[in-house]
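Asker: Each chain is listed here by its residues.
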Amino acid sequence: MAGIGSACLFAGLLTAVYAAGASLYGVRAGNAAFVISGRRAIYCLAALMLGATAVLQSAFLRSDFSYALVAEGSSTDTPTFYKVTAMWATQDGSLLLWALLLSLFASAVLFLTRRSLRGIAPYATAVLAIVAGFFLLLMVGWENPFGTLANPPAEGGGLNPLLRHPAMMIHPPMLYTGYVGFSIPFAFAVGALITRNTGADWIRATRRFALVAWTFLGTGIMLGALWSYTELGWGGYWAWDPVENASLMPWLVGTAFLHSIMVQEKRGMLKIWNVCLIIATFVLALLGTFLVRSGILDSIHAFGASTIGVQFLVFIALVVVGSTALVISRLPYLRSEARLDSLLSREAFFLLNNLVLVALCLVIFWGTFFPLISEAVTGTEASVGPPWFNRLTTPLALVLVLLMAIGPVVSWRRISPAGLLRAFMWPVLGALLTLLVALALTPAGERPLALLMSCFAALVLAVVVQEFWRGASARRTISGDPWPRALSRLVARNRRRYGGYIAHAGIVVLFLGVAGSSAFLEQRDVRLSPGDTFKSGGYDITYERATATLGEDRAGSGAPITFGAVLRARDEDGKTFTLRPSRNFYPTQDASKGAIGRFFEGEATSEVDVRWGLRRDLWTAIRPDISALEGPIREANAKFGNSSGDVQALVIAALAERYRRDPAPATFRAIVSPLVSWIWIGGGIVLLGALIAAWPSPEARLRRVRSLYSARLGRDLRAEPS
Amino acid sequence: MEYAVALIVLLCLVGLVVMRPLLAGAPESPDGGAREELEAAKEAKYREIRDAELDVQMGKLSKEDHRSIDRELRGEAIEILERLDRLDGRAPDS
Amino acid sequence: MDPSRKRTLRLVVALGAALILAGALIYTSFSASTEASTPSQVVASAEPGRSYELTGKVARQSVARDDDRLRFVIRDRDGKAAVPVSYEGVVPDPFREGREVIVSGEMKNGTFVAERDSLVTKCPSKFTKEQTVNRGT
Chain F
1312 MAGIGSACLF AGLLTAVYAA GASLYGVRAG NAAFVISGRR AIYCLAALML GATAVLQSAF
1372 LRSDFSYALV AEGSSTDTPT FYKVTAMWAT QDGSLLLWAL LLSLFASAVL FLTRRSLRGI
1432 APYATAVLAI VAGFFLLLMV GWENPFGTLA NPPAEGGGLN PLLRHPAMMI HPPMLYTGYV
1492 GFSIPFAFAV GALITRNTGA DWIRATRRFA LVAWTFLGTG IMLGALWSYT ELGWGGYWAW
1552 DPVENASLMP WLVGTAFLHS IMVQEKRGML KIWNVCLIIA TFVLALLGTF LVRSGILDSI
1612 HAFGASTIGV QFLVFIALVV VGSTALVISR LPYLRSEARL DSLLSREAFF LLNNLVLVAL
1672 CLVIFWGTFF PLISEAVTGT EASVGPPWFN RLTTPLALVL VLLMAIGPVV SWRRISPAGL
1732 LRAFMWPVLG ALLTLLVALA LTPAGERPLA LLMSCFAALV LAVVVQEFWR GASARRTISG
1792 DPWPRALSRL VARNRRRYGG YIAHAGIVVL FLGVAGSSAF LEQRDVRLSP GDTFKSGGYD
1852 ITYERATATL GEDRAGSGAP ITFGAVLRAR DEDGKTFTLR PSRNFYPTQD ASKGAIGRFF
1912 EGEATSEVDV RWGLRRDLWT AIRPDISALE GPIREANAKF GNSSGDVQAL VIAALAERYR
1972 RDPAPATFRA IVSPLVSWIW IGGGIVLLGA LIAAWPSPEA RLRRVRSLYS ARLGRDLRAE
2032 PS
Chain A
819 MEYAVALIVL LCLVGLVVMR PLLAGAPESP DGGAREELEA AKEAKYREIR DAELDVQMGK
879 LSKEDHRSID RELRGEAIEI LERLDRLDGR APDS
Chain P
120 MDPSRKRTLR LVVALGAALI LAGALIYTSF SASTEASTPS QVVASAEPGR SYELTGKVAR
180 QSVARDDDRL RFVIRDRDGK AAVPVSYEGV VPDPFREGRE VIVSGEMKNG TFVAERDSLV
240 TKCPSKFTKE QTVNRGT
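Protein chains in written order, with the numbering used here: chain F, 1312 to 2033; chain A, 819 to 912; chain P, 120 to 256.
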């Protein structure tokens, strides 16, 4: 079977090379048959990648440890769901996932544009084929996911327990879908540059793909944050970790791209800027994969040990140099069709928002690569921590929210002072009201930045509501529809615009959650014995009793032993509820720990328990102290080392029972963070808005009207899209 | 062995799919996809006109600006409609 | 003001803003960063009262709990120098003997006294997402 997988990869590499060659030859020689043939090669590539993935997945499901990848990342006791997803927890498997997603996306876009963009599409086909070819080359040459072991082990290493979390398993495919999705607009931008067809055609053809990619990437980032919050046992959702930053950077530049293409569509401006943004987004997406896979930021020394780091770096350099040269050679064709008339115009605000987003990306880039930069400059490896990131990104985020409030209501070309007043009177009043309410009812006054953020956020929300209201009332005056119908028709007819506004509202809700939870977080770390009580953020929390269970892991991650606690929490109003944080213990294959000891001294993960709430979350984690068991475990190792599995299970149960009866004081962490739920709610709202904006709008009914064109045009335009 | 056989089979399959248009010779549709391209352009143009209308209703585009933009957009739309009709083999409406 | 002068002015303002941002980046990052030191560097040249970020491997058989404090030894990658560490606070999940860790603190009487909750675990072998767990805020 592994041979078939490898064959799929090598055939895929040849197919990708053919696809690039045939489409380039076809378009150069004006031979449409070759262009079609190249497109079909991409479809074949998708089929081959599906085949390779199927082979690998079946190996994971069968726990066939003759595959090196399966032996490394799975085991017979790994739950089925995690067997399926273990593929992308490994380096080789994630390369295959990249290639699979890329070929599927490329097939979709080439199928959709098969009868249009005849000039650009063949070049885009070639670009996509080259990118896919690069990933296939990595797999064929260096990191074959179908590598086999001559002496397969009886049991695999198992999926890293930390990764056994539903969010973590959906997170990588989401991120990769986002990364891969941005290669589509990139490919068409390159095609547009090569053919000197630099109008908005390539943008119209691939805009939806960019939006879909952006949505997936954003969802992936949110899931990563959720994983961090509920699985990692430190209680935060964002740590400015290089891997997190790597996914945020393309998302930020992609956001800038989604905004600035509107300026090109409407006014024919910012053409150079747009191609640069999409090139940067794609390069950052590659860089994101590279950072995770090469370990370069771990340490410069780890980079040498990575098998594919150099190849990745060379490819990224080629993409950067090649696209820069292409942009420079096409500068004469990228001239603006219009000038910026006024700084108080929609165009100008789009540009400002772009600059802030790109500045944010630069800050994060600098901080992420600082260890390398400082090693190059000063010779010692130094790093900047989260406080540095927070200090630099907070002001930029504030400016961004302010721009989000102003941009949507400013008119194209220029806005008059009277128009400005008309547009902002109500939102500003709303924001001032929020300021007063926040000062009077909440402790926000102690934190000026959080207060400012809530003020700006109120401004944005008021602007969004006003936009909906004005749009709906404008529709009502024309059609006389009742309010709900006017509103739904308005959104249906202008999906992109109103979907965008909904996404704005979601983002500020998310920012509010971040501001509230980071400014007013209360964290306590305490060591307690059963019966002890402590206070945290308005709660009285009592450690009632210890728990020890076997094979009853709540999260279904397959942990055999779980130690935990029953906590009783009481809020200010006297309401009580129970929390059960616990810690899962996974066996290690390390024989030196002993037959019994290996169950206690392997990996362990915190299973936090959170009381979710709209106002605040109570987050708890436990770290049981099992050092008292060390002596008995040593004895058990000596006594029962060669006993049957059943006996060993009884011994383990007895040890667990011993902990439950007489637990040593355990360390607890309790965090009360206000508004943190709004981060997830805000993310959900953004997703909703993005879906509305990306949903294909129904085409206006085609009417064969035999009349004057202008009359027909009028009629077509009045016709409701159905 | 397994690898070699699989590779040959897969390459033959790919070859079969890829070679078909080369052997058939003729492109897929007689008008070379011009119709779809024009229909898409028409929809895009309609959307732009509607968008500009909404902008002027919401006060984001001055009346004068809208008049000139609208005239320009409608002109382009009419041109697309004419080309579509010509494709159908009909004389453009007069 | 005529359009071309206006454009130049805008360009100058934009470039100025970019320069200020770049300056802020460089200045703040170099002043806020902490150097990572290996045990051999700390043993050789630690000044009392200065804060270091110590990085290395947790030595085998060295982890012990002493009431609320955790004691362990950090070794160089090549195993030459070793520094005893005294730590208080939350221990991240992947903390194990033999793993790469980073901890901040200062040298006091031959022992590296770590700041509370500053222990970070690196796990280079598997999936890199777990590189820096427990950067408490």
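Take the hints with a grain of salt, since some may be wrong.
[Said to hold, decoys possible] Have a look at the derived ranges for each label pair, beta carbon to beta carbon:
| hint | chain 1 | residue 1 | chain 2 | residue 2 | range |
| --- | --- | --- | --- | --- | --- |
| 1 | F | Arg1796 | P | Arg124 | 30 to 40 Å |
| 2 | P | Arg126 | F | Ala1803 | 12 to 22 Å |
| 3 | P | Ser170 | F | Asn1953 | 29 to 39 Å |
| 4 | F | Arg1796 | A | Leu834 | 24 to 34 Å |
| 5 | P | Arg169 | F | Gln1900 | 36 to 46 Å |
| 6 | P | Arg124 | F | Ala1729 | 21 to 31 Å |
Bear in mind the hints are in silico, worked out from the structure with no lab data behind them.
Ideal Cβ positions, reconstructed from N, Cα and C, are used throughout, including at glycine.
Asker: Each hint needs a verdict: does it hold in this structure or not?
Answerer: The hints, checked one at a time:
At about 52 Å, the beta-carbon gap between arginine 1796 of chain F and arginine 124 of chain P misses the expected band of 30 to 40 Å. Taking 12 to 22 Å as the suggested C-beta distance range, the pair arginine 126 of chain P and alanine 1803 of chain F does not conform, at roughly 41 Å. The beta-carbon spacing between serine 170 of chain P and asparagine 1953 of chain F, approximately 51 Å, falls outside the hinted interval of 29 to 39 Å. Taking the beta carbon of each, arginine 1796 of chain F and leucine 834 of chain A are about 54 Å apart, not inside 24 to 34 Å as hinted.
Distance hint for arginine 169 of chain P and glutamine 1900 of chain F: a CB-CB separation of about 42 Å, consistent with the stated range 36 to 46 Å. Range check, arginine 124 of chain P to alanine 1729 of chain F: about 28 Å between beta-carbon atoms, so the 21 to 31 Å window is met.
The structure fails to meet hints 1, 2, 3, 4 from the earlier list, while all remaining hints are met.
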